[in-house]
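Peer 1: Could you put together the complete structure from these sequences and hints?
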Amino acid sequence: MSSLEEPLGLGDLPKLSINRLERFSPSACRASVDDSNTNNYKHRNGGNNQTIFHSSAHSWHMQGQYTDSSCNGVDMEFRALPRKVLWDLPRFVKIVEVGPRDGLQNEKNTVPTSVKIELIHKLVASGLSVVEATSFVSPKWVPQLADAKDVVEGIKHVPDVRYVSCVVGCPVEGTIHPSKVAYVAKELYDMGCSEISLGDTIGVGTPGSVLAMLEAVMSFVPVDKIAVHFHDTYGQALANILVSLQLGINIVDSSVSGLGGCPYAKGATGNVATEDVVYMLHGLGIETNVDLNKLMDAGDYISKHLGRQSGSKTTTALRKLTT
1 MSSLEEPLGL
11 GDLPKLSINR
21 LERFSPSACR
31 ASVDDSNTNN
41 YKHRNGGNNQ
51 TIFHSSAHSW
61 HMQGQYTDSS
71 CNGVDMEFRA
81 LPRKVLWDLP
91 RFVKIVEVGP
101 RDGLQNEKNT
111 VPTSVKIELI
121 HKLVASGLSV
131 VEATSFVSPK
141 WVPQLADAKD
151 VVEGIKHVPD
161 VRYVSCVVGC
171 PVEGTIHPSK
181 VAYVAKELYD
191 MGCSEISLGD
201 TIGVGTPGSV
211 LAMLEAVMSF
221 VPVDKIAVHF
231 HDTYGQALAN
241 ILVSLQLGIN
251 IVDSSVSGLG
261 GCPYAKGATG
271 NVATEDVVYM
281 LHGLGIETNV
291 DLNKLMDAGD
301 YISKHLGRQS
311 GSKTTTALRK
321 LTT
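Residue numbers (the UniProt record's numbering): 1 to 323.
Treat the hints as calculated values from the structure; they're not laboratory data. Each hint should be verified, as a subset may be incorrect.
Said to hold, decoys possible - Label pairs and their in silico Cβ distance ranges:
#1 Gly283 <-> Gly307: 18 to 26 Å
#2 Ser114 <-> Gly285: 33 to 41 Å
#3 Arg91 <-> Pro222: 32 to 40 Å
#4 Lys94 <-> Thr322: 40 to 48 Å
#5 Ala239 <-> Asp88: 39 to 47 Å
#6 Tyr234 <-> Arg319: 37 to 45 Å
#7 Lys149 <-> Gln309: 27 to 35 Å
Glycine is no exception: its CB is placed at the ideal position from the N, C-alpha and C atoms.
Peer 2: This is the structure we're talking about:
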């Protein structure tokens with residue numbers, strides 16, 4: 001038995017998560033045959049929330065509020081919908097910008113130290129309060145970060161933060177059981193770590209598997225100590241972040257312009273773009289203290305230096321509107 005499989009009270013832990021996970025199975029997405037039917041209407045009672053579906057009118061009725069999406073959206077008040085439909089969301093989310101470190105570490109061509117420092121300054125100027133400047137790793141294995149000492153001079157960083165990588169899937173082990181992630185997170189928390197970032201390094205997580213993993217970890221680690229870090233390999237990052245928010249997590253890692261990818265995790269592509277995360281959060285009425293325009297400027301700066309277009313869909317869309 002490996003150390004990750006030691007009991008420590010984790011034996012029955014996954015049951016709740018597995019039950020939740022089953023809700024996201026293909027069968028859970030099929031039409032319900034035992035719900036009460038009346039002509040074209042289906043009524044499903046979900047405790048305090050009651051939902052009415054109509055095959056043609058696309059109507060929702062939740063907690064006494066009625067909205068018909070077949071009507072002209074101009075006259076509808078949708079601003080109150082997110083918090084009614086999506087559970088209680090945090091009012092503020094701290095974004096941890098990982099672009100200068102995670103975003104650039106996989107670049108083949110060396111990025112000058114001066115460019116890295118300027119990028120960090122631009123990111124800070126956008127309102128981001130936490131920016132990962134670099135990492136003290138062997139330049140033999142990650143030559144892009146060989147200038148770590150020069151970069152961090154005069155740049156503040158967050159101490160006592162640890163990471164758990166490949167929390168949903170691993171290119172070597174395959175699917176990772178939630179109890180294993182919970183075990184590692186608990187050990188780090190017991191060591192005194194003030195923040196534990198859970199990373200879907202190869203981006204295979206879906207809202208269902210992420211929910212199961214987070215429930216397991218939250219059984220041992222307070223939610224305010226947890227951060228999430230998603231790669232967008234399969235286009236699931238924003239959905240996974242939304243699930244995390246619904247569970248009360250309010251610390252999210254992201255990378256400007258969607259830069260990134262782990263050089264030692266086969267299949268890992270870029271991180272979720274910070275611009276896209278900020279756009280979604282602001283659309284949900286969640287504060288970030290980040291100026292999206294200045295953030296996009298920072299993304300344009302590094303993308304231009306790297307000779308490529310921004311990996312942010314938000315930047316791509318908004319730039320088209322202004323050109």
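Peer 1: Has the hinted range 40 to 48 Å been met by the Cβ atoms of Lys94 and Thr322?
Peer 2: At 29 Å between Cβs, range violated.
Peer 1: Do Arg91 and Pro222 keep their Cβ atoms within the hinted range of 32 to 40 Å?
Peer 2: violated, 18 Å
Peer 1: Determine whether the Cβ-Cβ distance between Lys149 and Gln309 falls within the hinted range of 27 to 35 Å.
Peer 2: holds, 32 Å
Peer 1: Taking the CB of Gly283 and the CB of Gly307, does the distance hold inside 18 to 26 Å?
Peer 2: violated, 31 Å
Peer 1: Is it true that Ser114 and Gly285 lie within 33 to 41 Å of each other by Cβ?
Peer 2: holds, 38 Å
Peer 1: Between Ala239 and Asp88, does the beta-carbon spacing fit 39 to 47 Å?
Peer 2: Because 18 Å falls outside the window, the suggested range is violated.
Peer 1: Range hint 37 to 45 Å: satisfied by the CB atoms of Tyr234 and Arg319?
Peer 2: Hint violated: Cβ distance 25 Å, outside 37 to 45 Å.
Hints 1, 3, 4, 5 and 6 from the earlier list are contradicted by this structure; the remaining hints agree with it.
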